[in-house]
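2 protein chains.
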Amino acid sequence: MTERPLPTKDRLIRTAAELFQRSGYHGVGLSELLAAADAPKGSLYHHFPNGKSDLAIAAATWASDGMLRMIAASFEPADSFMEGVETLCHKIAKLFDKSGRWDTCPISATLFEGPDNTSFRDHAYHLYKGWISEVTHHARRFGLPAPEETADTLFILLQGGWQLARARQSSDVLRALPGKLPAAKTD
Amino acid sequence: MTERPLPTKDRLIRTAAELFQRSGYHGVGLSELLAAADAPKGSLYHHFPNGKSDLAIAAATWASDGMLRMIAASFEPADSFMEGVETLCHKIAKLFDKSGRWDTCPISATLFEGPDNTSFRDHAYHLYKGWISEVTHHARRFGLPAPEETADTLFILLQGGWQLARARQSSDVLRALPGKLPAAKTD
DNA sequence: ACACGGCTAGACCGATTGGTCCAGTGAGGA
DNA sequence: TCCTCACTGGACCAATCGGTCTAGCCGTGT
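One line per chain: the protein sequences are U and C, in this order. Take the first sequence: its position 185, counting from 1, is numbered 181 in my numbering, and each next residue is one higher. Take the second sequence: its position 138, counting from 1, is numbered 134 in my numbering, and each next residue is one higher.
No lab work stands behind these hints: they were computed from the structure. Watch out, some of these pointers could steer you wrong.
One copy or two, either will do: identical chains are not told apart, so a pair holds if it fits within one copy or between any two.
[Stated by the list, open to error] SDA-like, lysine to any residue: derived pairs with alpha carbons at most 20 Å apart: (1) 90 x 29; (2) 125 x 166; (3) 48 x 23; (4) 48 x 22; (5) 48 x 25; (6) 94 x 129; (7) 87 x 26; (8) 90 x 165; (9) 48 x 73; (10) 94 x 112; (11) 125 x 97; (12) 125 x 172; (13) 125 x 164; (14) 94 x 46; (15) 94 x 117; (16) 37 x 127; (17) 5 x 28; (18) 48 x 31; (19) 5 x 44; (20) 48 x 32; (21) 48 x 116; (22) 125 x 168.
None of the values given here were measured: they were computed from a predicted structure.
Build out the structure end to end from the sequences listed, making use of the hints.
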């Protein structure tokens, strides 16, 4: 997993993201993480002087960037807002199935349950805001009446949907999400 | 906190629920937990032979029962389904504010991030099913056209809404939830 | 050819983890 | 009165935690 040719720093970030999503910040030990990334302790503390917490923030940011790209890739080629929503939900459903269906949202897994450090929580909200404002942008572009509120609702549906999908072990929940968005009016 | 007259076992369950919600299963050490509950280690392993994991399941079940009562108390005196939803969302918003606005859903905090034990995940879904079927029952009672689907959606909105509320540090998200439920038709 | 510095490798550290074990303790029944 | 047993209190344990530190590898610039 997470192939070898990548530079050590990137390998650390990717495996950290992966493991934190699976077991949460406190649920992953450095030894397990370093073994999975095939990196020695020295490298970790070279690239991330503050150790685990620095790495966690980097991992969450990296995962968030991926999500941001997924949102953009769903809405940009779409002919309507709802078409973008549909594409996004299907992409996320696929991601869910690929993840083994037990992972948590990368940001909440990594940052909300981290040390009670305020900066962790602030960063989490910062990343979430990025997702929401990206959706808001597209909602506005398609002339939706209440772009901010619609973006909020989509975010809520995705977060809650992911949770229920995880409990049910089925991505069907995620695929059914578009029908629950009030803006499903077909203009 | 969690006053003294309660029997030790109950004190353990309550403080476990509280702490797990704040920091997650792996984020709370036994020493911290026992200190908060003012109980010695011997008592923990007397009441819960399997230690932390047994306690976690008991704590999640206890928290879930409280939620179940809150759902019932919201819908039973209501004159319509939407009135019940409104009441429930406001109750939860209050709970959110009282919790310090950083806690996680007690079940996902306790069970989803616990040991990768399957029984943990199964129990989590079992508890969630309890919530959803309670809502389904009331939806059917009020003659809603699609009771199961409506209950699912309410669950999704509550889970996602809680998450966004936590990020934003504001319970307004939760209070606005009823308006996002498609069944908001006023019959 | 040599020195420099980014990076790796892993031994080592004290603190804390979850868990075990047993000697009390004290209320209730015989 | 004494026995019993559910319960408490805490010493103790190996394992693991996150983190520090230093020795050396190796590519690059001069």
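Verification of the hints:
no., hint, verdict
1, 90 x 29, "neither (25 Å within a copy, 39 Å between copies)"
2, 125 x 166, "between (27 Å within a copy, 14 Å between copies)"
3, 48 x 23, "both (12 Å within a copy, 14 Å between copies)"
4, 48 x 22, "both (10 Å within a copy, 15 Å between copies)"
5, 48 x 25, "both (9 Å within a copy, 18 Å between copies)"
6, 94 x 129, "neither (27 Å within a copy, 29 Å between copies)"
7, 87 x 26, "neither (31 Å within a copy, 40 Å between copies)"
8, 90 x 165, "within (13 Å within a copy, 31 Å between copies)"
9, 48 x 73, "neither (38 Å within a copy, 50 Å between copies)"
10, 94 x 112, "between (31 Å within a copy, 18 Å between copies)"
11, 125 x 97, "between (25 Å within a copy, 18 Å between copies)"
12, 125 x 172, "between (24 Å within a copy, 18 Å between copies)"
13, 125 x 164, "between (28 Å within a copy, 9 Å between copies)"
14, 94 x 46, "neither (32 Å within a copy, 33 Å between copies)"
15, 94 x 117, "between (27 Å within a copy, 18 Å between copies)"
16, 37 x 127, "neither (33 Å within a copy, 45 Å between copies)"
17, 5 x 28, "within (16 Å within a copy, 34 Å between copies)"
18, 48 x 31, "within (14 Å within a copy, 27 Å between copies)"
19, 5 x 44, "within (9 Å within a copy, 43 Å between copies)"
20, 48 x 32, "within (15 Å within a copy, 27 Å between copies)"
21, 48 x 116, "within (12 Å within a copy, 27 Å between copies)"
22, 125 x 168, "between (26 Å within a copy, 16 Å between copies)"
When each numbered hint is compared with the structure, violations occur for hints 1, 6, 7, 9, 14, 16.
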